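Starting from the known structure of chain S, arrange chain R on it as the hints suggest.
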Amino acid sequence: MADPAQLEAPDDPSRRSERFQLRVRDVHKSFGEHHVLRGLNLDIERGKINVVIGGSGAGKSVIMKHLIGLLKPDRGQIYVDGDDIVQMNQFVLNRIRTKFGMLFQYAALFDSMTVEENVLFPLLEHRRKQLKRSQMREIVREKLHSLGLFNVEKKYPAELSGGMRKRVGLARAIVLEPEILFYDEPTTGLDPIATRNVDEMIADISNKLGVTSVVISHDMASTFRIGHRVSMLYKGQIIASGNPDEILHNPNPELREFISTSKAVEMPPLDELTEAP
Amino acid sequence: MNELAQNIVLLVDRAWRAPFRFFQVLGEMLMLLGQAVLWGVRPPYRVGLLIQSMEFIGVGSLSIIILVAIFVGGVFGLQSVEAFRMFNADGYVGSAVSLTLTRELAPVLTALMVTGRAGSAMATELGSMRITEQIDALATLAVHPVQYLVVPRLVASTIMMPLLTVVFNVVGMVGAYIFAVILKGVDPGVFIYNIRWYTDVGDLGMGLIKSTIFGLALALIGCYQGYNASGGAKGVGIATMRAVVVASVAVLALDFVVTDVLITLGM
Numbered sequence: 001m002a003d004p005a006q007l008e009a010p011d012d013p014s015r016r017s018e019r020f021q022l023r024v025r026d027v028h029k030s031f032g033e034h035h036v037l038r039g040l041n042l043d044i045e046r047g048k049i050n051v052v053i054g055g056s057g058a059g060k061s062v063i064m065k066h067l068i069g070l071l072k073p074d075r076g077q078i079y080v081d082g083d084d085i086v087q088m089n090q091f092v093l094n095r096i097r098t099k100f101g102m103l104f105q106y107a108a109l110f111d112s113m114t115v116e117e118n119v120l121f122p123l124l125e126h127r128r129k130q131l132k133r134s135q136m137r138e139i140v141r142e143k144l145h146s147l148g149l150f151n152v153e154k155k156y157p158a159e160l161s162g163g164m165r166k167r168v169g170l171a172r173a174i175v176l177e178p179e180i181l182f183y184d185e186p187t188t189g190l191d192p193i194a195t196r197n198v199d200e201m202i203a204d205i206s207n208k209l210g211v212t213s214v215v216i217s218h219d220m221a222s223t224f225r226i227g228h229r230v231s232m233l234y235k236g237q238i239i240a241s242g243n244p245d246e247i248l249h250n251p252n253p254e255l256r257e258f259i260s261t262s263k264a265v266e267m268p269p270l271d272e273l274t275e276a277p
Numbered sequence: 001m002n003e004l005a006q007n008i009v010l011l012v013d014r015a016w017r018a019p020f021r022f023f024q025v026l027g028e029m030l031m032l033l034g035q036a037v038l039w040g041v042r043p044p045y046r047v048g049l050l051i052q053s054m055e056f057i058g059v060g061s062l063s064i065i066i067l068v069a070i071f072v073g074g075v076f077g078l079q080s081v082e083a084f085r086m087f088n089a090d091g092y093v094g095s096a097v098s099l100t101l102t103r104e105l106a107p108v109l110t111a112l113m114v115t116g117r118a119g120s121a122m123a124t125e126l127g128s129m130r131i132t133e134q135i136d137a138l139a140t141l142a143v144h145p146v147q148y149l150v151v152p153r154l155v156a157s158t159i160m161m162p163l164l165t166v167v168f169n170v171v172g173m174v175g176a177y178i179f180a181v182i183l184k185g186v187d188p189g190v191f192i193y194n195i196r197w198y199t200d201v202g203d204l205g206m207g208l209i210k211s212t213i214f215g216l217a218l219a220l221i222g223c224y225q226g227y228n229a230s231g232g233a234k235g236v237g238i239a240t241m242r243a244v245v246v247a248s249v250a251v252l253a254l255d256f257v258v259t260d261v262l263i264t265l266g267m
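Residue numbers (the numbering used here), protein chains in the order written: chain S, 1 to 277; chain R, 1 to 267.
Here chain S stands alone, though its shape is the one from the complex (with noise of 0.2 Å):
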């Protein structure tokens, strides 16, 4: 559970520059009769990778989309960078928007549009004023290079594998450079090789670009090689939150049962974690 001390509405500009960007209290969402998020507490850690796991249908991408503005909550608030998204209009909403990008599961590349197209598609509706025509193409070309993709840019995306459809959607999520990145289930439906690669892409543009990343994930290997900070959604709550190693030997039973199913990581046994001091 979050600590009650971080319970407090964080209102203050001034705390832009805090530890937490984004913050959650909370959240309740139902869809009917299925009661999706019961009153969900989430904290983002500036600059760091924050990956939240949790079992399939528990509602992982539902709290994405309400952290990106896409949803909003029956109750509760969502801060980002101190401002409440819930309370906004949708106006100023769209402007926050542009602080983010997002890494959709199947990428969600624009399907009539060329691969050049879809990453340029970002800076043609915000940097028109800013940028000629040549230089946003020469941005993508180097957007695409970095991520290990040449020779695409006149491509469809039905043209592309599944990794490299995320390549070019990470490419669009990034061009704009943007403060906050999403990831929903980034190695989903890829080969181990492929799962490593995007693994690396993501620390590798956390690093570089200094950005906050949440990456909503079931994939255990994947969690612990790159997470900084992970939070487990059971039941509509977060249930545990902090560094992978805390997380190793947090002896919440629902925890311990779903890392240790996965068999990707290995769990100290719980005796051991009782024992200690």
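Calculated from the structure, these hints are not laboratory results. It should be emphasised that the depicted structure is a prediction, and the values quoted were computed from it without experimental measurement. Idealized CB from N, CA, C, for every residue including glycine. Take these hints with a grain of salt, some might be off.
To be verified - 30 Å max Cα-Cα, derived DSBU-like pairs, lysine-lysine:
(1) S:Lys235 / S:Lys48
(2) S:Lys208 / S:Lys65
(3) S:Lys60 / R:Lys184
(4) R:Lys234 / S:Lys72
(5) S:Lys72 / S:Lys155
(6) S:Lys208 / S:Lys132
(7) S:Lys155 / S:Lys208
(8) S:Lys235 / S:Lys208
(9) R:Lys234 / S:Lys65
(10) S:Lys60 / S:Lys99
(11) S:Lys208 / S:Lys154
(12) R:Lys184 / S:Lys155
Stated by the list, open to error - Cβ pair distances, simulated, as ranges:
(13) R:Leu252 / S:Asp191: 32 to 42 Å
(14) S:Gln130 / R:Arg42: 31 to 41 Å
(15) S:Lys208 / R:Leu67: 52 to 62 Å
(16) S:Ser134 / R:Arg42: 27 to 37 Å
(17) S:Arg127 / R:Leu38: 19 to 29 Å
(18) S:Lys208 / R:Pro19: 49 to 59 Å
(19) R:Gln52 / S:Gln130: 46 to 56 Å
(20) R:Tyr45 / S:Gly162: 35 to 45 Å
(21) R:Val245 / S:Pro192: 45 to 55 Å
(22) S:Arg127 / R:Arg42: 15 to 25 Å
(23) S:Arg127 / R:Gln52: 37 to 47 Å
To be verified - Covered, in the sense of this in silico footprint (three residues per stretch, anywhere, with C-beta under 8 Å from a C-beta of chain R), are these stretches of chain S:
(24) 62-76
(25) 103-111
(26) 122-130
(27) 203-209
Just chain R, lined up with the frame of chain S:
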């Protein structure tokens, strides 16, 4: 027996919920329209997308409109000649055709054709963008999907529908002329004279007002269905089917209401 009782309960429950669902969907559509107005008046104004939509809805529908209009005008001319000849009044074929086309047939049939072609395409396109998260992707790129996807389609359809209706009128009249005058031997002078004598700007205006309303309605329904699609490929299919069915019924229902209002207003 138990199963029968269960089915009856289910049926009653559905019937009970239907009116609520109708008002819920109507409310959501009006909210989408409200959002489109709010986003439509805010920059950036996406002229390129508007022209693309106008090209798709207007120019793209031109051939089917011409084809339908020529046959509808033709068959209407043909039937009218047969009917009016019984009273030795076949000179009135031109006026009967022109009045019916301008006030009723042209706006309604154009709307039904555009619904089948462009309304369904809007629902399919937006629906597949919704299920592949492309609409969410737009939002995360700080581009509001309503402004980018819905506004151009609504404006384009509202502008292009009256223009297509004018084309329908003209071509329908030509069709009627071919069948009534050339094939059935109605006097061309009387045919044209009666059109000019009985049809005035008010009749044309009534048709154009209707077609503008139909244009907005069919695009709104198509966009709403696509924008709210869910459940994979099947969901897109359902959205498309609903877009066509709901828009077609809405066009006919609106036709009744608008005609009544316009006649009351003296048109």
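Hint check results:
1. S:Lys235 / S:Lys48: holds, 25 Å
2. S:Lys208 / S:Lys65: Judged against 30 Å, a Cα distance of about 26 Å means the pair holds.
3. S:Lys60 / R:Lys184: Given pair Lys60 of chain S, Lys184 of chain R is violated - Cα atoms ~72 Å apart, limit 30 Å.
4. R:Lys234 / S:Lys72: At roughly 27 Å apart (the allowed maximum being 30 Å), Lys72 of chain S and Lys234 of chain R satisfy the hint.
5. S:Lys72 / S:Lys155: violated, 36 Å
6. S:Lys208 / S:Lys132: holds, 25 Å
7. S:Lys155 / S:Lys208: Within the cut-off at roughly 28 Å; holds.
8. S:Lys235 / S:Lys208: violated, 35 Å
9. R:Lys234 / S:Lys65: Roughly 24 Å separates the two Cα atoms, so the pair holds.
10. S:Lys60 / S:Lys99: Within the cut-off at roughly 21 Å; holds.
11. S:Lys208 / S:Lys154: Given pair Lys208 of chain S, Lys154 of chain S holds - Cα atoms ~28 Å apart, limit 30 Å.
12. R:Lys184 / S:Lys155: It is violated: about 58 Å lies between the C-alpha atoms, which goes past 30 Å.
13. R:Leu252 / S:Asp191: 32 to 42 Å: violated, 54 Å
14. S:Gln130 / R:Arg42: 31 to 41 Å: With Cβ atoms ~20 Å apart, the hint is violated.
15. S:Lys208 / R:Leu67: 52 to 62 Å: holds, 59 Å
16. S:Ser134 / R:Arg42: 27 to 37 Å: holds, 29 Å
17. S:Arg127 / R:Leu38: 19 to 29 Å: holds, 25 Å
18. S:Lys208 / R:Pro19: 49 to 59 Å: With a Cβ separation near 58 Å, Lys208 of chain S and Pro19 of chain R satisfy 49 to 59 Å, so the hint holds.
19. R:Gln52 / S:Gln130: 46 to 56 Å: About 26 Å separates the Cβ atoms of Gln52 of chain R and Gln130 of chain S, which means 46 to 56 Å is violated.
20. R:Tyr45 / S:Gly162: 35 to 45 Å: holds, 37 Å
21. R:Val245 / S:Pro192: 45 to 55 Å: holds, 48 Å
22. S:Arg127 / R:Arg42: 15 to 25 Å: holds, 19 Å
23. S:Arg127 / R:Gln52: 37 to 47 Å: violated, 22 Å
24. 62-76: With 4 residues close enough to chain R, the hint holds.
25. 103-111: With 7 residues closer than 8 Å to chain R, the segment 103-111 of chain S meets the three-residue bar; holds.
26. 122-130: It holds, with 3 qualifying residues against the three required.
27. 203-209: violated (count 0)
Hint compliance for this structure: hints 3, 5, 8, 12, 13, 14, 19, 23 and 27 are not met, and every other hint is.
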